[in-house]
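First to last, the sequence lines map onto chains X and A.
Position one of the first sequence corresponds to residue 381 (the working numbering), numbered consecutively onward.
Position one of the second sequence corresponds to residue 17 (the working numbering), numbered consecutively onward.
Any given hint might turn out to be false.
[To be verified] Here are the simulated DSSO-like pairs of lysine-lysine, each with C-alpha atoms no more than 27 Å apart in a straight line:
no., chain 1, residue 1, chain 2, residue 2
1, X, K435, X, K450
2, X, K398, X, K437
3, X, K450, X, K398
4, A, K19, X, K437
5, X, K451, X, K437
6, X, K435, A, K19
[Stated by the list, open to error] Where chain X lies over chain A, by a calculated footprint (3+ residues, C-beta under 8 Å):
no., stretch
7, 57–69
8, 115–123
Calculated from the structure, these hints are not laboratory results.
Glycine included, each C-beta is placed from N, C-alpha and C at the ideal position.
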Amino acid sequence: DVKVTQSSRYLVKRTGEKVFLECVQDMDHENMFWYRQDPGLGLRLIYFSYDVKMKEKGDIPEGYSVSREKKERFSLILESASTNQTSMYLCASSFAGQKISTDTQYFGPGTRLTVL
Amino acid sequence: DAKTTQPNSMESNEEEPVHLPCNHSTISGTDYIHWYRQLPSQGPEYVIHGLTSNVNNRMASLAIAEDRKSSTLILHRATLRDAAVYYCILSNNNAGNMLTFGGGTRLMVKP
Numbered sequence: 381d382v383k384v385t386q387s388s389r390y391l392v393k394r395t396g397e398k399v400f401l402e403c404v405q406d407m408d409h410e411n412m413f414w415y416r417q418d419p420g421l422g423l424r425l426i427y428f429s430y431d432v433k434m435k436e437k438g439d440i441p442e443g444y445s446v447s448r449e450k451k452e453r454f455s456l457i458l459e460s461a462s463t464n465q466t467s468m469y470l471c472a473s474s475f476a477g478q479k480i481s482t483d484t485q486y487f488g489p490g491t492r493l494t495v496l
Numbered sequence: 017d018a019k020t021t022q023p024n025s026m027e028s029n030e031e032e033p034v035h036l037p038c039n040h041s042t043i044s045g046t047d048y049i050h051w052y053r054q055l056p057s058q059g060p061e062y063v064i065h066g067l068t069s070n071v072n073n074r075m076a077s078l079a080i081a082e083d084r085k086s087s088t089l090i091l092h093r094a095t096l097r098d099a100a101v102y103y104c105i106l107s108n109n110n111a112g113n114m115l116t117f118g119g120g121t122r123l124m125v126k127p
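Chain X extracted, bound-state conformation (with noise of 0.2 Å):
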């Protein structure tokens, strides 16, 4: 079975500090994600990485920052946490087939982040 998992379940950060979300999958996926869940808005792509060392921008980016210094493993990281950014923060893993479109993204537990 694939496995993703998440650094954390619950994390309570203060406004301004440095915050490192942690996310390791075991498949061997050339594909991760950041997204965060929020009530009404559903999910929402922060970041993903389709390669080590590679990133692209999802539809919120802001204020986040990623890292893929190996293949199982993608960080994300706040420079400086703000209330708003207080969620659910979701890691998903998928292999990059020659289908793309046809590819299971795997996801974590989920880790939620709240900002005081």
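Assemble chain A onto chain X, guided by the hints.
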């Protein structure tokens, strides 16, 4: 981007079949139809996907209209564990496997 429309919520009785509809009237010829679901306090999980023909797997069936402007996810016998938000999503190669999640349908299953 092609969008999907789903009812906000649906109710079902345990052990009965459930038909979850999805409209995607602006679907293009290369768009695949995916269904994911999200159980409480978990990340989304893949359910099924298809292009033109109906599809079956151990979790569900996907019925796709002939004109592809709508589809229906069928759970043959709902269990309490199937209570979740179900998302109908379109994707194609041009979008680089990006999935755009809408609001989904919250399925409630009554014992």
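Hint check:
Our distance criterion of 27 Å between C-alpha atoms is met by X/K435 and X/K450, whose separation comes to about 13 Å. Distance hint between X/K398 and X/K437 is fulfilled; the C-alpha atoms sit about 20 Å from each other, no more than 27 Å. Restraint check for X/K450 and X/K398: the C-alpha separation of about 21 Å stays at or below 27 Å, so the hint holds. Taking the CA atoms of A/K19 and X/K437, the gap is about 21 Å. The hint holds against a cut of 27 Å.
As the CA atoms of X/K451 and X/K437 are separated by approximately 18 Å, the hinted pair is consistent with the 27 Å bound. As the CA atoms of X/K435 and A/K19 are separated by approximately 25 Å, the hinted pair is consistent with the 27 Å bound. Counting residues of the stretch 57–69 of chain A whose C-beta lies closer than 8 Å to any C-beta of chain X gives 7; at least three are required, and the coverage claim holds. Only residues whose C-beta sits within less than 8 Å of a C-beta in chain X count toward coverage, and the stretch 115–123 of chain A has 6 of them, enough to reach three; the restraint holds.
In summary, this structure violates none of the numbered hints.
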